[in-house]
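J.: Since the structure of chain A is provided, determine the placement of chain B with the ligands on it from the hints.
Protein sequences appear in the order of chains A and B. If you use the numbering used here, the first sequence closes out at 611, no skipped numbers anywhere. If you use the numbering used here, the second sequence closes out at 271, no skipped numbers anywhere.
Don't take every hint at face value.
What the hints assert, rightly or not - Restricting the straight-line Cα-Cα distance to at most 30 Å, the calculated cross-link-like pairs of lysine-lysine (BS3-like) are:
1. Lys-117/B with Lys-133/B
2. Lys-493/A with Lys-117/B
3. Lys-493/A with Lys-142/B
4. Lys-412/A with Lys-531/A
5. Lys-117/B with Lys-142/B
6. Lys-412/A with Lys-398/A
Unchecked claim - Reference listing, derived: stretches of chain B covered by chain A, where coverage requires no fewer than 3 residues with Cβ under 8 Å from a Cβ of chain A:
7. 60-74
8. 95-103
9. 148-158
To be verified - Covered stretches of chain A, going by a simulated chain B footprint (3 or more residues, C-beta under 8 Å):
10. 397-404
11. 458-465
12. 488-499
These are computed hints drawn from the structure, not numbers from a lab. Just so it is clear, the structure is predicted and the values come from calculations on it, not from any experiment. Even for Gly, the Cβ is constructed at its ideal location relative to N, Cα and C.
Here is what each chain is made of, one letter per residue.
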Amino acid sequence: MANGNGQAAQDLALKVFIPLAVLGVIVAAWWAVVKLTGTPPYILPDPGAVAAALIKDWPILWPAFVVTTKITFMALGLALVGGTVLAILLVQSRWFELAFYPIAVILQVTPIVAIAPLILIYTPTTQMALLICAFLVAFFPILSNMVQGLKSVDHNHLNLFELYGASWMQTLWHLKIPAAQPYFMTGLKIGGGLSLIAAVVAEFAAGSAGAGSGLAFRLMESQFRLNIPRLFAALLMLSALGVAIFALTSFVAWLVLHRWHESSIEREN
Amino acid sequence: MNTAVDTHIQPTRPLLAMRSVSKLFSNGTQALTDVSLTVRPGEFVSLLGPSGCGKSTALRIIAGLGGASSGSIDWPSTRINPNGKPESDISFVFQEPTLLPWRNVFDNVYLPLQLKGQSRTSASRLVEDALKTVGLTEFRKAFPRELSGGMKMRVSIARAMVTRPKLLLMDEPFAALDEITRQKLNDDVLTLWAETGVSVVFVTHSVFESAYLSTRIVVMKARPGRIHEDFEVNQGAVRDEEFRTSESYRMTCERVSHSLSQAMYGEGGH
Ligand SMILES: Nc1ncnc2c1ncn2[C@@H]1O[C@H](COP(=O)(O)OP(=O)(O)OP(=O)(O)O)[C@@H](O)[C@H]1O
Ligand SMILES: [Mg+2]
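Looking at chain A on its own, in the form it has when it is part of the complex:
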């Protein structure tokens, strides 16, 4: 047992240490390349300059970070609720499926950047437009995964519920939704990543300025003004947000599934 724990601790240390070491090497190499070649900061700033920009421009970057974070999470939240509810309706009613699934597919296959200008025209604020774009992109993977999950319920389990006279509500709540959890989690992970990408891409497409602009706008603005250190700082914050979303969704998936689902269980033979 003690041996097993030691093993686990060592495992964890390796999992943390190796990526950190690789990251450190990359940053060092970056720094060395800039110093040795004498590249000017408006082409490639060194890590120190980026860190300085991050601190100096924090009052500009932080509000933008908050805006992008809000849009991403609101879009993801709406997509989770919308995707799940629509999936349940699609699975419960054949009529509903025939009517709405094609529309969902059309929305999905149309490149979002192409719709963004159009959405901008019809929405009162840019942020609202970004939200809608991010929602549309995150929505479909959640919907399709959830539909798949709700339909993949074991027939023997359905027989069992029928035998015990379960109502459709009970079957949904105690059988179909739990059985669909692994699929939902897949949708959540994909949707989380996509909603950030969509929030950024849509802001590129919208290209508007103003107090409420997000990180993507700051990125473009920095490029325009040749303030490359700030551009890198903004990029760094975007990656951090992406990593945080990935970590959060993975953690939620682990939390829900680790007691029972194969995907979250270490194989022990």
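T.: Then chain B with the ligands, alone, in the frame of chain A:
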């Protein structure tokens, strides 16, 4: 047979009466033709027959999962719910344990009571009792993936018994288990049967299993599925290790084998 004699032998009303039940699947398979079968309270009936003769189909029809194409099923001594099924009185043990992997043992056994609207606290006594009868009290918090095949099957039996059913339907419940576990579970089922007075309809491929467990054996024939022979065995015998080596057990095995080979290869098959 004389009706007067019949009444004499069966003082109680049957629990279940299938009358001329046929089942035609939409793909044209005639799975059952003209099957009539009565089950009396407390009987242990084994259904035996070649693969594809409609045993599972018959069991599902009794359970109300997928109706019959023709014929009727009566429940002379049971109250029927408005939707036409005597639900609370039937339980089913499938060939697979069919446990919900996201629920622990306790919650799996609690499921039927939960679906009937019982709260967890008020059901807890019944669930604990059921777990105790199958010897899994200590595993109430375990998840299905942490159990062996035999233990999962026990949970499945506990789940079936927790509603105190009048009729227990079992479809080759132990086919996937090793001989030792199977014998142990056979004895467990017999104990439950003796203690609760439940009627059992038990589908099996094993001549020995049917001879050991049953008070009545129904041998079926395939293409189309129908009853070949229906006979009572070992009435009132005590089923224990000694019984396995007794003359009446041996004779029952012989009789069942004989009937089965007749059902499979016709009259000249012995
Ligand atoms: N859903 C279905 N649709 C069409 N045909 C079916 C269906 N279920 C079963 N059958 C057919 O009905 C017949 C009886 O099947 P059933 O499963 O009842 O046999 P069984 O006696 O239980 O066989 P086994 O011992 O192999 O389990 C078979 O010929 C089978 O192919
Ligand atoms: Mg079968």
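J.: Would you mind marking each hint as holding or not holding in the structure?
T.: Cross-check of the supplied hints:
For the given pair, Lys-117/B sits about 22 Å from Lys-133/B by alpha-carbon distance, which is consistent with the 30 Å threshold. Straight-line distance between C-alpha atoms of Lys-493/A and Lys-117/B comes to about 24 Å, which keeps the hinted pair within the 30 Å bound. At most 30 Å may separate the alpha-carbon atoms for a hinted pair to count; Lys-493/A and Lys-142/B meet this at roughly 29 Å. For the given pair, Lys-412/A sits about 17 Å from Lys-531/A by alpha-carbon distance, which is consistent with the 30 Å threshold.
Under the criterion of a C-alpha separation no larger than 30 Å, the hint pairing Lys-117/B with Lys-142/B is consistent with the structure, at around 22 Å. Note on Lys-412/A and Lys-398/A: the hinted pairing holds, with a Cα-Cα distance of about 23 Å set against a maximum of 30 Å. Counting residues of the segment 60-74 of chain B whose CB lies closer than 8 Å to any CB of chain A gives 4, which reaches the minimum of 3, so the coverage claim holds. A count of 6 residues in the segment 95-103 of chain B with a Cβ less than 8 Å from any Cβ of chain A is obtained; the coverage claim is therefore met, three being the minimum.
Counting residues of the segment 148-158 of chain B whose beta carbon lies closer than 8 Å to any beta carbon of chain A gives 0, which falls short of the minimum of three for the stated coverage. Residues of the segment 397-404 of chain A with a Cβ under 8 Å from some Cβ of chain B number 0, which does not satisfy the need for three, so the listed coverage is violated. Look at the segment 458-465 of chain A against chain B: 0 of its residues bring a Cβ nearer than 8 Å to a Cβ of that chain, fewer than three, so the hint is violated. Check result for the segment 488-499 of chain A against chain B: holds, 3 residues qualifying (beta carbon to beta carbon below 8 Å, three or more required).
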